[in-house]
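Line by line, the protein sequences give chains Y and F. Position 156 (the first sequence) corresponds to 156 in the numbering used here; numbering is contiguous. Position 123 (the second sequence) corresponds to 123 in the numbering used here; numbering is contiguous.
I should point out that these hints are in silico values taken from the structure, not numbers from a laboratory. Check before you lean on any hint, since a few could be wrong.
Claimed, not checked - With a Cα cut of at most 27 Å, we get these calculated DSS-like pairs of lysine-lysine:
no., chain 1, residue 1, chain 2, residue 2
1, Y, 66, Y, 188
2, Y, 121, F, 121
3, Y, 188, Y, 201
4, Y, 72, F, 4
5, F, 121, Y, 151
6, F, 137, F, 230
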Amino acid sequence: MSVLLQLDNVTIRFGGLTAVSEVSATVNEHELVGLIGPNGAGKTTVFNMVTGVYQPTSGGIAFAGKPTASLKPFELTERGIARTFQNIRLFPSLTVFDNVRVAFHLHLEHDALHSLSRGPKFHREEIALRERTRELLSIFNLERVQNEPAKSLPYGDQRRLEIIRALATQPKLLLLDEPAAGMNPAEKIELMKLIQFIQEKFRLAILLVEHDMKVVMGICQRIHVLEYGRKIAEGTPAEIRANPAVIAAYLGQEHA
Amino acid sequence: MPPKSQLWLLATLVVAGIVSAFSGRIDPYFLDVTMGVGIAVTLAASLNLINGFTGQFSLGHAGFMAVGAYSSAVITTNFGPKLLPLVGGQVWILFPLSLVVGGLLAALAGLAVGAPSLRLKGDYLAIVTLGFGEIIKVIFQNVDAVGGARGLVGIPNYTNLFWTFGVAAVTVYVVWALLNSTYGRGFLAVADDEVAAEAMGLNPTRYKITAFVVGSFFAGVAGGLYAHLKGYLNPGGFDFNKSIEIVVMVILGGMGRHVGVILAAILLTAVQEPLRQLGDWRMILYSLLLIVLMITRPQGLFVWPLWKKKQA
């Protein structure tokens, strides 16, 4: 298995605060990796560095063998990194269909001028894209609400739509930021199935930030643990469960 | 067989041409108002791309209009006698060329203002564009070559029904066609959530600049039409109030609605005429009308269905 994402001694400081300190971690191709840690451990900050929202103060990040320094978020998406957000960020006024359709944008050949000329090439491409959008929506049973504005969907469907939209960019690596937040136990089980299904079906690597231990332990192949911006452990779910440092930092508080 | 939207555009141009050919029989006052309506539709539809669909707040549309108005007026007025023989004395070649040049210069101004300032959001962008509009006005007021504060006079009256409605139709088509594509949905996505748009691989800056440049181009062309309709340009006419007037059309039409904004532009231009008889009371009544409309229909005057309240 080859390394898809590599963090090499990544550090970021905001003023005097070191939010993430010398974190090294990898995600392999087609691997489902968890990133856990107590509140404020720096998980989302790591996400934001991987997706180009923040630039690390020192250390390097490489994706598919190439450094990602100074690339903007949309350029990283072009390279194959897609994400969801901790607090759902759909395009609320766009329809469910358009939310997904717009994410196919990356793989468009046409641009503004083709939109204006509306020639045969434009129509062929639009028809093909609509077909792919419908296909993707139907895999997740959302085609029945495809003409509703995204903001009118129930919470769980909004979460799913955000994942589908990320998939439309055809990523190699999908970053999920607390997808189980606000879900009830039944929804969480659904979500676990969904994540595993996506990983299988789309053959991609997933990096999952999650608070819910059941979800993380249940589906991840490997887990990185952060505390106060430092990495304190790495291993399989079984290893992490048995790791004394992790129990002290995190599980200890929950399962004591 | 071209797509239906282009057939509509073609049909509108043909109708505008035919009506224009018979415009000698139309009452001149009515003709003047009608052409003013066409220019207003162009201004509102182009600003709608920036403020409505892309979610930016520009208060400088009159400034871009002024750039186009003065540029095209200078071409036809000062250089007209030299240029006209070059195109075989044909006004119908010189005039659209001057409009396009005016539009391009306005687009350039749009790029110059937009590129550095589009990282600003909401109120901040509004203030920068407002400042730009005022600067343009002051520049024209102080350049003697274009008449300074006295204004530019003797502009040939080239504008007719065909050009005003032709340009309005092209503007509406361009804005509609840009938005109705997978590419074009990006404008709406950027308006909805820039961070999410960027995470989906869209380049928000590029979308915003495109909207700004295309919007200012058509504002510039509308300015050219205005100059050759009135025959006289006064820099004071492109002040903050003019920008606000266009913003009001966009808001009243329902931000980011194609038909609503066109109807609002028509209504707000036409309604000024009967009010004119009221003399000084006109602006008071006009303002009152705006207040009442904004209170009763905050979602926009012409948002379909007309009777349904806006959902929270």
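Each hint tested on the structure:
Between residue 66 of chain Y and residue 188 of chain Y the CA atoms are separated by roughly 35 Å; this puts the pair beyond 27 Å, and the hint is violated. Between residue 121 of chain Y and residue 121 of chain F the CA atoms are separated by roughly 36 Å; this puts the pair beyond 27 Å, and the hint is violated. Only pairs whose Cα atoms come within 27 Å are accepted, and residue 188 of chain Y paired with residue 201 of chain Y is accepted, the gap being roughly 20 Å. Between residue 72 of chain Y and residue 4 of chain F the CA atoms are separated by roughly 39 Å; this puts the pair beyond 27 Å, and the hint is violated.
Of the supplied pair hints, the one linking residue 121 of chain F and residue 151 of chain Y holds, its CA atoms being roughly 23 Å apart against a limit of 27 Å. Simply put, residue 137 of chain F and residue 230 of chain F have alpha-carbon atoms about 18 Å apart, close enough for the 27 Å limit, and the pair holds.
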